[in-house]
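Asks: Chains A and B, in that order, give the protein sequences.
Quick note: the first sequence uses full-length UniProt numbering, first residue 1, plus one each step.
Quick note: the second sequence uses full-length UniProt numbering, first residue 1, plus one each step.
Hints in this document: simulated from the structure, not taken from any laboratory.
It is possible that part of the hints are untrue.
Said to hold, decoys possible - Okay, the calculated bits of chain A under chain B, using three or more residues with CB under 8 Å as the criterion:
hint, stretch
1, 39 to 50
2, 307 to 321
Claimed, not checked - Take a look, some chain B residues computed to stay more than 10 Å from chain A by CB distance:
hint, residue
3, 154
4, 205
5, 261
6, 281
Said to hold, decoys possible - Okay, derived cross-link-like pairs now, EDC-like style, lysine to aspartate or glutamate, Cα gap no bigger than 20 Å in a straight line:
hint, chain 1, residue 1, chain 2, residue 2
7, B, 289, A, 192
8, B, 281, A, 333
9, B, 38, B, 341
10, B, 95, B, 115
11, B, 289, A, 204
12, B, 281, A, 10
13, B, 281, A, 245
14, B, 281, A, 229
15, B, 289, A, 145
16, A, 64, A, 10
17, B, 281, A, 209
18, B, 281, A, 145
19, A, 86, A, 192
Note that beta-carbon positions come from the ideal geometry of N, C-alpha and C, so glycine has one too.
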Amino acid sequence: MAATSEPILEVRDLVKHFALTQGILVRRQIGAIKAVDGVSFDLRPGETLGIVGESGCGKSTLAKLLMALERPTSGSVKINGRDMAKARGRELKSMRRNVQMVMQDPYTSLNPRMTVGDIIGEPYEIHPEVAPKGMRRRKVQDLLELVGLNPDHINRYPHQFSGGQRQRIGIARGLALQPQIIICDEPVSALDVSIQAQVINLLERLQNELNLAYIFIAHDLSVVRHISDRVAVMYLGKLVELGGDVEIYDRPSHPYTQALLSAVPVPNPDGRERRERIILQGDPPSPANPPTGCRFRTRCWKAQDICAEQEPPLEVRPATDHRVACHFAEVHDVVQAH
Amino acid sequence: MMTTHTDVLPTEGGLGNTPLLAVDNLHVEFSTRQGVVKAVNGVSYDLYQGETLAVLGESGSGKSVTAQAIMGILDMPPARIPHGEIRFRGTDMLKLTDEARSQIRGQRIAMIFQDALSALNPVFTVGWQIGEMFRVHRGMSKRDAQKKAIELMDRVRIPAAKQRVHDYPHQFSGGMRQRIMIAMSIALDPEVLIADEPTTALDVTVQAQIMELLAELQRESNMGLILITHDLGVVADVADKIAVMYGGRIVEKALVHDVYRTPAHPYSKGLLDSIPRVDLKGQELYAIKGLPPNLLAMPPGCAFNPRCPYRQDNCVSEAPPLYEISHTRSSACHYWREVLDGSHE
């Protein structure tokens, strides 16, 4: 897409550890949950970066760090070249305006006591410079129209809308401050199947019209492939593979990516007996006490001694823009074209 | 009103061919303050031994209510079953006494629920809860029941079962909890297992583990499995036949390969068309327009007509019966021929 332009978001060695403490009177730190542990990537205007991984891998903590809802332990999040972690006060406020979020569950993320107009217009209370008081109603109605809702429904309450319509309200709220970056945390997984496609089409249309950059976090890998330009695979707080959608899906090189992709059920029963399945045993280890070396080695069928001793860096594969963190990375297409 | 129909597989011909479980023209209503909600409207399906039937539908389609009616765990009132039969090995369970019913429930027909954490009791150890099946239904002693619980935990592949039998549900991960639910459901070797969205709350890697476990248990014991889900991928992976539900009715019944190749109902076709496909990346996804129906105000005629691209005048005036297309498939659409032709292109 817009590969030539400057990145709008630069994430470098981002780390977030949550302290584990013990004791009531004398609190001692006994360890840390390493939720995000050294993540780096860029995002360009108009681009979509998909983030996939199992629950507990740090996807949502990463989203919170990008929103400046959590302060990073170390590392930096730069938006248009300015470091958000160092910003305070007015500067931070204006940077936050630029990154907005669409939540997963449209049933709990909208206040049932507020009208749709109040919900979508609330961001203007905090950032009044975007829309002067007299203009707000008009702006909210424009937003409703933009996301495909009837502008006359501005005085209705969330319960009067269906799940898909509520998610549109959530999207309109995210767009209210005209951000450049939208973080979508599982935006369609709470919706009925027949409604999901409508919301994905809406997100894509808005991206084209407004040149938005998306961070798209989801567990439905076929949806991520459809919407993403690049995909990052996370495991226990680290990126294990990062590349274009074709590279990740057709030429996955990290064993974890291969296992993850092979576990996704293919919606086509033909040839299901012959499909290759890599079924990982057990659950991911605890992020409080991750394995030494490569974090995936405890579930990996390729693990050797070196994997326990040396942590594999996220290295670019020759002649590509495809990064993999594995000592024994090799391409293995596990997903049949479908 | 919809007429009753012959089921997906022919039922005539010898005892060996009687279905294990037959749902026949089942209706379930709920009385609510806003009026009577017809949640299930004449649903029929058959399940044979060793077979996997997938019931596919979105929320409000009646797929779970049907399952609860089979299990006999609907709260009545507010629920009511005005018509219909649920025959288990030929006996209509709806006519049985409560006592006879509870002999079947859990022992011969068992169920796995979606949310294992809320289905398990947080204040008892998992060993106690699995063992309960043996103490209550088989009159076993505490100690024997405990032994049985450990055996079962081994069978569903929970590591270190001997130690973990004393743990509480919160000490297990989501996937392990679902294994405990499965252990409880297969404890008494049921003939029918109903799995209501068993993997919806789980990660894909864990989902693959659980589905593999279910398939293996089914092979071992030859039980019939009813898999209730909204995930077209899971259905394609494991099901033998499929019943697609919409607005409290079955709109299409077929063998699984037939539906995915050539759907015969506009709703199933729409669902399949809206799956993102690699060769169509960058294009707009096909989306079924409109919203799922409100069960309190169902559209007249065919429930899918406001969203249907094949709609004609008689779709609004006349609800389509479940037309039989072949002896293995049927579709509740007046224009199933056109839909089938459209799927062939």
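Asks: A separate judgement is required for each hint: does it hold in the structure or not?
Replies: Verification of the supplied hints:
no. : hint             : result
1   : 39 to 50         : violated (count 0)
2   : 307 to 321       : violated (count 0)
3   : 154              : holds (15 Å)
4   : 205              : violated (5 Å)
5   : 261              : violated (8 Å)
6   : 281              : violated (6 Å)
7   : B:289 with A:192 : holds (13 Å)
8   : B:281 with A:333 : holds (19 Å)
9   : B:38 with B:341  : violated (33 Å)
10  : B:95 with B:115  : violated (30 Å)
11  : B:289 with A:204 : holds (17 Å)
12  : B:281 with A:10  : violated (26 Å)
13  : B:281 with A:245 : holds (10 Å)
14  : B:281 with A:229 : holds (10 Å)
15  : B:289 with A:145 : holds (17 Å)
16  : A:64 with A:10   : holds (15 Å)
17  : B:281 with A:209 : holds (18 Å)
18  : B:281 with A:145 : violated (26 Å)
19  : A:86 with A:192  : violated (41 Å)
Comparing the model with each earlier hint shows violations of hints 1, 2, 4, 5, 6, 9, 10, 12, 18 and 19; every other hint is respected.
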